[in-house]
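Same order as they appear, the protein sequences are chains A and B. Each residue of the first sequence is one higher than the last, beginning at 0 in numbering that gives the first Met the number 0. Each residue of the second sequence is one higher than the last, beginning at 0 in numbering that gives the first Met the number 0.
What the hints contain is simulated information worked out from the structure, not anything from laboratory work. Be careful, since some hints might not be right.
What the hints assert, rightly or not - Ranges of calculated distance between the beta carbons of each label pair, as one might list FRET restraints:
(1) A:Val35 x B:Gly28: 35 to 45 Å
(2) A:Asp281 x B:Asn280: 53 to 63 Å
(3) B:Gly241 x A:Arg282: 26 to 36 Å
Glycine residues also receive a C-beta, built at the ideal position from the N, C-alpha and C atoms.
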Amino acid sequence: MTSAIPTLPSAALGPEPSALAEITQETLALTRRLFVQLQRRPSTLVAGVLQPLIWLVLFGALFAKAPAGLLPGGLSYGRFLGAGVIVFTAFSGALNAGLPVMFDREFGFLNRLLVAPLRSRSSIVLASVLYITVMSLVQSLAIMATAALLGYGWPGGTGLLLVLVTLLLLVFAVTALSLGLAFALPGHIELIAVIFVANLPLLFASTALAPLSFMPGWLGWLAALNPLTFAIEPIRAAYAGQLSLTAVVLEAPYGSITAGTCLLVLAALAAGLFLLIRPLLDRKLS
Amino acid sequence: MHGQAHSGEGEQRSVAPLVELRGLRKRYGRGNQGVEALSGLDLTVPAGSLYGLLGPNGAGKTTALRILCTLLAPDAGAVQVAGIDALQEPRAVRRLLGYVAQEVAIDKILTGRELLELQGDLYHLDRGDRQGRIGELVDLLGMAPWIDRRCGGYSGGMRRRLDLACGLLHRPRLLVLDEPTVGLDIESRTAIWGVLRQLCAEGTTVLLSSHYLEEVDALADHLAILEAGRVIAEGSPAALKGALGGDRVTLRVREFSTPEEAGRVQRLLEGCPGVRQVVVNQAQGYSLNLVVEHEGVVEQLRRQLADAELPVFALAQSRPSLDDVYLQATGRTLMDAELAVAGSRDPKAERKQSMR
Numbered sequence: 000m001t002s003a004i005p006t007l008p009s010a011a012l013g014p015e016p017s018a019l020a021e022i023t024q025e026t027l028a029l030t031r032r033l034f035v036q037l038q039r040r041p042s043t044l045v046a047g048v049l050q051p052l053i054w055l056v057l058f059g060a061l062f063a064k065a066p067a068g069l070l071p072g073g074l075s076y077g078r079f080l081g082a083g084v085i086v087f088t089a090f091s092g093a094l095n096a097g098l099p100v101m102f103d104r105e106f107g108f109l110n111r112l113l114v115a116p117l118r119s120r121s122s123i124v125l126a127s128v129l130y131i132t133v134m135s136l137v138q139s140l141a142i143m144a145t146a147a148l149l150g151y152g153w154p155g156g157t158g159l160l161l162v163l164v165t166l167l168l169l170v171f172a173v174t175a176l177s178l179g180l181a182f183a184l185p186g187h188i189e190l191i192a193v194i195f196v197a198n199l200p201l202l203f204a205s206t207a208l209a210p211l212s213f214m215p216g217w218l219g220w221l222a223a224l225n226p227l228t229f230a231i232e233p234i235r236a237a238y239a240g241q242l243s244l245t246a247v248v249l250e251a252p253y254g255s256i257t258a259g260t261c262l263l264v265l266a267a268l269a270a271g272l273f274l275l276i277r278p279l280l281d282r283k284l285s
Numbered sequence: 000m001h002g003q004a005h006s007g008e009g010e011q012r013s014v015a016p017l018v019e020l021r022g023l024r025k026r027y028g029r030g031n032q033g034v035e036a037l038s039g040l041d042l043t044v045p046a047g048s049l050y051g052l053l054g055p056n057g058a059g060k061t062t063a064l065r066i067l068c069t070l071l072a073p074d075a076g077a078v079q080v081a082g083i084d085a086l087q088e089p090r091a092v093r094r095l096l097g098y099v100a101q102e103v104a105i106d107k108i109l110t111g112r113e114l115l116e117l118q119g120d121l122y123h124l125d126r127g128d129r130q131g132r133i134g135e136l137v138d139l140l141g142m143a144p145w146i147d148r149r150c151g152g153y154s155g156g157m158r159r160r161l162d163l164a165c166g167l168l169h170r171p172r173l174l175v176l177d178e179p180t181v182g183l184d185i186e187s188r189t190a191i192w193g194v195l196r197q198l199c200a201e202g203t204t205v206l207l208s209s210h211y212l213e214e215v216d217a218l219a220d221h222l223a224i225l226e227a228g229r230v231i232a233e234g235s236p237a238a239l240k241g242a243l244g245g246d247r248v249t250l251r252v253r254e255f256s257t258p259e260e261a262g263r264v265q266r267l268l269e270g271c272p273g274v275r276q277v278v279v280n281q282a283q284g285y286s287l288n289l290v291v292e293h294e295g296v297v298e299q300l301r302r303q304l305a306d307a308e309l310p311v312f313a314l315a316q317s318r319p320s321l322d323d324v325y326l327q328a329t330g331r332t333l334m335d336a337e338l339a340v341a342g343s344r345d346p347k348a349e350r351k352q353s354m355r
């Protein structure tokens, strides 16, 4: 830059406090805002618990009289469905992660954040991830508790850990996707449309409601590629007391998949999506 | 002895600029659809001034302020605040300035106090200092009765005061306000004017945009007139008015004259030395508007009219106003400029421009 006016280095403003302290302060403040909103407008949380609950109770009852031995391992349909609904809960919760960000974009609140000297603008994204993670896990735990009360089982201590790790990986991946959409799409109408359209097909084309063996070949392939399936099967195995990461949890058309592979796929998906949306976030937030 | 006048201390008093905008260009959209918002804007805001940016809607005021506040990147040009290059070190500049945007974006679910607390954390204020500072601002802006209520129920004036408090929370050296009193009730406007004057007196530099002449006239000690994305006149209001020279006189020989009579008076006046720009104002009963070069000319006029046996129903004399300055600089009144753009604005496109 060949500016005529001499440039004063920002160091002249005095030493900057630690980056970690500042990032923590701004991220916690932004996360707190989202939780205050939730506390005063709890309908999202309530709907997020009610919807899967209805699935669990009504859909579970729909096939309650399925002949014994129909499902692999002789599971009752309710026990089979539990894992699917838990994953679906976390998934739909995370899919909504972009909505608060989209509203902030539309109403100009984001500009208020961008004019402030945030140490890192990742704080804005980080706050959303924290909020959605906690909320999705709370919803999932509520569904797990209800499922346990309905007699659909409980995974036990180590099993619970496996369930939570699986859900976390899925939530990270879907949150990244949703935040990316929140910055890529022009408005909340479009975002809601995408969420609406993505929700049910992903549920049906997964092993949430029926095992792969029930599906025609083409749907089986789709379900065996659907990330939801990679979250559902390890959780289903954990509910069945199968806690080994090397145990095969899915007989996909292209080969046998272990629980460990499922987790790796989810982790890779989350990492890949965050890398993918990064340039978009950098551009929109710079 | 020689050269004293130029090397004396008095000459060095000119204040260092706090804000320097150089050759700013900004275009929205592409091709024929595009709109040139800024076309080479230069602006220098001296430290400690209360600076008014005056111009009709669409003149580029908001775009210039958004670029200054690091919310928007210019296509070309340089931005310096306190010597810091805002394009190179935006975060250092953000720490120095408070920005009160035109469209107040607040979180309806939060209370005013919670919004201020959030704002404090975004500026990394120390917790103890933050609460004290919020208390000060609540008192200063008279927000105590409602600061703990949710923002969703606030009136326009309350919102604007809260937004001003947000902009002031971190004690910025520069406060930037985009149309701070548009659509406000008189009471809120007066309150905000008072606070701005006080801030300026305490050493904060204030830069505000407005399309209200009286606001800039009442507040600003410096002003720039923007037209089509450029500064076309700048200086103190007094200097700008003084540069126009002469007094404005409105003369009526009777309450409602005829065109013939007005024409006769016009010819008479045009013959007087020291009289300029005699215009017949048909809309006001054929009164006459003219500029006189100095005080004495008016007495001369009265004598001439008496000699011609013409009565004087009313004669009003005034210093040139900012409106006259604007008229002189742009060739039209600010109100005409406003009307010209009133129908050509696209709120949807403007919202999109500000959306990230």
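These are the hints, each one checked on the structure:
1. A:Val35 x B:Gly28: 35 to 45 Å: holds, 38 Å
2. A:Asp281 x B:Asn280: 53 to 63 Å: 59 Å Cβ-Cβ, so the 53 to 63 Å window holds.
3. B:Gly241 x A:Arg282: 26 to 36 Å: violated, 49 Å
Checked against the numbered hints listed earlier, the structure breaks hint 3 alone; every other hint is satisfied.
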